[in-house]
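**Student:** With the hints as constraints, model all of the structure from the sequences given.
Respectively, the protein sequence lines represent chains A and B.
Counted from 1, the first sequence has number 750 at position 68 by the numbering used here; the numbering is strictly sequential.
Counted from 1, the second sequence has number 61 at position 59 by the numbering used here; the numbering is strictly sequential.
The reader is advised that the hints may include incorrect statements.
As the list claims (entries may be wrong) - Sample of chain B residues at the chain A side, in silico, Cβ under 7 Å:
#: 1; residue: 7
#: 2; residue: 8
#: 3; residue: 12
#: 4; residue: 98
#: 5; residue: 342
#: 6; residue: 343
#: 7; residue: 345
#: 8; residue: 347
#: 9; residue: 348
#: 10; residue: 352
#: 11; residue: 355
#: 12; residue: 358
#: 13; residue: 359
#: 14; residue: 361
What the hints assert, rightly or not - Result set (SDA-like, lysine to any residue): computed pairs, CA atoms no more than 20 Å apart in a straight line:
#: 15; chain 1: A; residue 1: 833; chain 2: B; residue 2: 17
#: 16; chain 1: A; residue 1: 833; chain 2: B; residue 2: 20
#: 17; chain 1: A; residue 1: 831; chain 2: B; residue 2: 385
#: 18; chain 1: A; residue 1: 833; chain 2: B; residue 2: 9
#: 19; chain 1: A; residue 1: 831; chain 2: B; residue 2: 10
#: 20; chain 1: A; residue 1: 831; chain 2: B; residue 2: 13
#: 21; chain 1: A; residue 1: 831; chain 2: B; residue 2: 7
#: 22; chain 1: A; residue 1: 833; chain 2: B; residue 2: 107
#: 23; chain 1: A; residue 1: 831; chain 2: B; residue 2: 149
#: 24; chain 1: B; residue 1: 62; chain 2: B; residue 2: 365
#: 25; chain 1: A; residue 1: 833; chain 2: A; residue 2: 784
#: 26; chain 1: B; residue 1: 149; chain 2: B; residue 2: 107
#: 27; chain 1: B; residue 1: 272; chain 2: B; residue 2: 97
#: 28; chain 1: B; residue 1: 62; chain 2: B; residue 2: 280
#: 29; chain 1: B; residue 1: 149; chain 2: B; residue 2: 342
#: 30; chain 1: A; residue 1: 833; chain 2: B; residue 2: 342
Hints were generated in silico from the structure; no laboratory data involved.
By construction, the Cβ of each residue, glycine as well, lies at the ideal position given by its N, Cα and C atoms.
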Amino acid sequence: MTDPDPTPPAPVLLGESLRYTYPSGGRDRFTLELDRIEITPGQHTACIGPSGCGKSTLLRLLTGIMVPDRGTAWLDGEAISDASEGRRRALRVSGVGMVFQQFALLDYLNAMDNILVPYRVSGALRLDRAVRDRARSLAGELGIGALLKRKPARLSQGERQRVAVCRALVTRPGLIVCDEPTGNLDPARSRATVELIVREAEASGATVLLVTHDHGLLDGFAQVVDLGGGAG
Amino acid sequence: MGVLHLALRHLFYHTGRSLILIACVGVALALPVASRVLVARFNAALHERAATAPVVVGAKGSRFDLVFSSLYFRPGQAGTIPMSVYERLADDPELETLPMHVRFTARGAPVVATDIGYLQRRGLRVADGRAFAAMGEAVLGAGAARKLKLAPGDTLSSDQLQAYDLTSPASIRMRVVGVLAPTGTIDDGAVFVDLETAWLLEGIAHGHQDAATVERPDLLIGKTDDYVALSGAVVTEQDVTGGNARDFHIHGDRADLPLTAVLVYPASEKASTILRTAINATPSAQAVEPTRVIDELMAFVVRVRMVFDGLAVVLGVSTLALIGLISALSYRVREDEIRTLTEIGCARWSVARLFGYELGAILVLGALLAAGLAWGVFAAVRMMTGLV
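**Tutor:** Structure, rendered in structure tokens:
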């Protein structure tokens, strides 16, 4: 007797029959259409395509920042596209860590405060000593433990990148979403950034969804979705 | 608390911009607050003092000068009336009267010449030493004693009205014999003397060597059995001491000696009306009710304040417009930050709170600055005028 096949893990992210049209733009207005995208736990996924093909839009639809005109997006088994704005925000802040293009750190906060921003802006998260300790620990692991009192203007590009990664990981999300985090970096630094994100995500048990237009960064991603062509 | 933390961090980070906005709010609020507080305090202080003297009699002329001279001790503003007016009023059993002479100063403090009844009427108690009893003796208000650093036993010289006029009365050195207990009124800043000392300061009374003992013929211009004319070269005394007190004397009829005012306390409204009617019918004197004079003055002051209020409204509107403009520009500049916060999970309401807290902090700090500025203006005016 052999055991029946184990039930496949429920997807972290699932998008079905997604369609979104930008409300302005006249005859040239942009429409994104995608039949299906599914990301299972631990399945790091890269989304590629030329500029303007809808990569960032897809990312926003899957994480509830935007709501599709048609279709459904699921986050951790919950239909985030059908949820209220407050619920979508709560799901995002607790379940999704985000790394933005150029890292989007707040210039008036020091590195520590930047890492703790999710706790400052959301009532769903409670900022306590344990969280601060975790932030310090993460910063220490990424080599910026001594720089936590510095403002972004006094950090190098690499140090800012690490602060952004710490901010994405500090809430212990199940999913790390990266929106072109290597946009303005040279190839070597881009590769190092993506490797850092993937490594830290794996260390914390998170899944990575990366949006990029750089085909040279796709090594190590189990799934690649090409919005300019087809899924791979 | 989290959004407030971000708001405060943003304000601290943009220190220069925050300070400018706080200063704008502070100045815009301080102007109307200071003018209103000052006018209210002036009004209260002036009325409180005015109510202590139902009627003031003085020379015809400015009623404001008369009231401010006799009640608020602004020296040198009022004309004079002869002692005969005071004596006539003092003879009326329906009137209580206090003679006043306020024309001189001593090291900046007003010299208030009156009789001992003034101290009793005002409830002024001698805290150290004794009351004035003779020409040349002075009792200081508590504030004047503190400001001039004087105590019983010290001397105090009067200020000369015309420093370069050799014919004007010379400065007279007075002996401090007492200091009054503080009362928190205008009286605290005054130097109280008897009327003869005032006339001494006027040059009407003076002291010099006894004419009978003058031996130098060049100093004796003429002499009969009842008349002696001395040369101006006879040295006059400038210091009333126990030894030379007998040398001081007054020339002329006492009824003609000058007073700047008479404070009158009529026994009834009827007596007050009769007094004012009678005095105001004379060609050279007037009787005024200080509370009405102050009402008249404050009505003018309130009109001036309304102009300031109008300016304050213009300033306030322009400040609000400035803050609105800066907030709008700030919102535009911070669009990326707002998008980041929103995508992380910040509610639009929290973004509004972020801006609201920043604006609120600026307004609160501006209001505190306004309170400080208003207090500073108030303190400066109090120091300069002593009226509030």
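**Student:** Hints first: check each against the structure and report whether it holds.
**Tutor:** Outcome of the hint check:
1. 7: holds, 6 Å
2. 8: holds, 6 Å
3. 12: Interface hint status for residue 12(B): holds (5 Å vs cutoff 7 Å).
4. 98: violated, 72 Å
5. 342: holds, 4 Å
6. 343: At 5 Å from the nearest chain A Cβ, residue 343(B) passes the 7 Å test, so the hint holds.
7. 345: holds, 5 Å
8. 347: holds, 3 Å
9. 348: Result: holds, 4 Å to nearest chain A Cβ.
10. 352: Status holds, d = 6 Å.
11. 355: violated, 10 Å
12. 358: Violated. Min distance 14 Å.
13. 359: For residue 359(B), the interface hint is violated, since the closest Cβ of chain A sits about 12 Å away, which is over 7 Å.
14. 361: With a minimum Cβ separation of about 16 Å from chain A (threshold 7 Å), the hint on residue 361(B) is violated.
15. 833(A) <-> 17(B): Measuring from Cα to Cα gives roughly 15 Å; hence the hint holds.
16. 833(A) <-> 20(B): Given pair residue 833(A), residue 20(B) holds - Cα atoms ~19 Å apart, limit 20 Å.
17. 831(A) <-> 385(B): violated, 48 Å
18. 833(A) <-> 9(B): Holds - the C-alpha atoms of residue 9(B) and residue 833(A) are around 16 Å apart, at most 20 Å.
19. 831(A) <-> 10(B): holds, 16 Å
20. 831(A) <-> 13(B): holds, 17 Å
21. 831(A) <-> 7(B): Roughly 15 Å separates the two Cα atoms, so the pair holds.
22. 833(A) <-> 107(B): violated, 64 Å
23. 831(A) <-> 149(B): violated, 53 Å
24. 62(B) <-> 365(B): Status violated; Cα separation ~53 Å.
25. 833(A) <-> 784(A): It holds: about 15 Å lies between the C-alpha atoms, which stays within 20 Å.
26. 149(B) <-> 107(B): holds, 14 Å
27. 272(B) <-> 97(B): With Cα atoms ~11 Å apart, residue 272(B) and residue 97(B) stay inside 20 Å; holds.
28. 62(B) <-> 280(B): holds, 13 Å
29. 149(B) <-> 342(B): Answer violated: residue 149(B) to residue 342(B) is near 64 Å, above 20 Å.
30. 833(A) <-> 342(B): It holds: about 17 Å lies between the C-alpha atoms, which stays within 20 Å.
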